[in-house]
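Student: Residues 56 to 208 in this note's numbering are what the sequence shown spells out, letter by letter.
Just so you know, the hints here were simulated from the structure itself, not pulled from any lab data.
Please read these numbers as outputs of a predicted model, since none were measured by experiment.
Virtual Cβ for every residue (Gly too), placed ideally from N, Cα, C.
Hints may be right or wrong, so weigh each one.
Claimed, not checked - Quick list of the computed label-pair ranges, beta carbon to beta carbon:
1) ARG98 with LYS176: 28 to 36 Å
2) GLU153 with ILE180: 30 to 38 Å
3) PHE187 with ARG138: 32 to 40 Å
4) ASP163 with THR136: 33 to 41 Å
5) ASP163 with ARG138: 29 to 37 Å
6) MET195 with GLN86: 22 to 30 Å
7) THR76 with MET146: 19 to 27 Å
8) GLU153 with PHE187: 34 to 42 Å
9) ASP207 with THR136: 33 to 41 Å
10) ALA80 with ALA169: 18 to 26 Å
11) ALA80 with LYS190: 12 to 20 Å
12) GLU196 with GLY97: 15 to 23 Å
13) ARG98 with GLY179: 29 to 37 Å
14) PHE188 with ARG138: 26 to 34 Å
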Amino acid sequence: MRKAFRMRFCVCSPGRLAHVTPTFADLAKAQYILLTTFTKDGRPKPVPVWAALDSDGSERGDRLLVITEGKSWKVKRIRNTSRVTLATCTMRGRPTSEAVEGTAAILDKSQTGAVYDAIGKRYGIVGKVFNFFSKLRGGMENNVGLELKLADN
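My request is simple: use the sequences and hints to build the entire structure.
Tutor: Dropping the structure here:
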């Protein structure tokens, strides 16, 4: 009974914001990333996303890849401004680190397949199932890849 009491009130309980600025490696290892895009008037719009490290041999490995619907609001906002913030987060979008400034770019449609492959590789069987159902819904035509980089790069 005593052990359960201590565990329940642990200082390091999940959901508490760790005041740590994530490095690119932290973001690449995170299960979910809180991608915050900005409206034309500067309002932040955060959304949790899956991201995979770029596995292209020609790149330095300094970018993360995200797959999203081509007509989504985040894509429309990225077209207006490439400024984003990135943080690690929970599945529900609760931040688990401080946010860092970054940039986002919409990839060419020809790179969508490579983004699907990277997501499938990064998230294993769950990623492959996601890719399968996404492609069934017209994913290759309706979805686009996003490139995320830290602002320092």
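Student: Does each hint fit the structure? Answer for all of them.
Tutor: Now for the hints, and whether the structure bears them out:
At roughly 35 Å, the beta-carbon separation of ARG98 and LYS176 lies within the given 28 to 36 Å, and the hint holds. Taking the beta carbon of each, GLU153 and ILE180 are about 32 Å apart, inside 30 to 38 Å as hinted. The supplied range of 32 to 40 Å is met by PHE187 and ARG138, whose beta-carbon atoms lie about 33 Å from each other. Distance hint for ASP163 and THR136: a CB-CB separation of about 20 Å, inconsistent with the stated range 33 to 41 Å.
For ASP163 and ARG138, the Cβ-Cβ distance of about 21 Å falls outside the hinted range of 29 to 37 Å, so the restraint is violated. Here the CB-CB span from MET195 to GLN86 is close to 25 Å, well matched to the stated 22 to 30 Å. Checked against the hint of 19 to 27 Å, the C-beta distance between THR76 and MET146 comes to roughly 22 Å, which is consistent with it. At about 35 Å, the beta-carbon gap between GLU153 and PHE187 stays in the expected band of 34 to 42 Å.
A C-beta distance of roughly 18 Å is found between ASP207 and THR136, which places it outside the suggested range of 33 to 41 Å. The supplied range of 18 to 26 Å is met by ALA80 and ALA169, whose beta-carbon atoms lie about 21 Å from each other. Checked against the given bound of 12 to 20 Å, the beta carbons of ALA80 and LYS190, roughly 30 Å apart, lie outside it. Distance hint for GLU196 and GLY97: a CB-CB separation of about 33 Å, inconsistent with the stated range 15 to 23 Å.
About 35 Å separates the C-beta atoms of ARG98 and GLY179, a value consistent with the hinted range of 29 to 37 Å. For PHE188 paired with ARG138, a C-beta distance near 32 Å keeps the hint of 26 to 34 Å intact.
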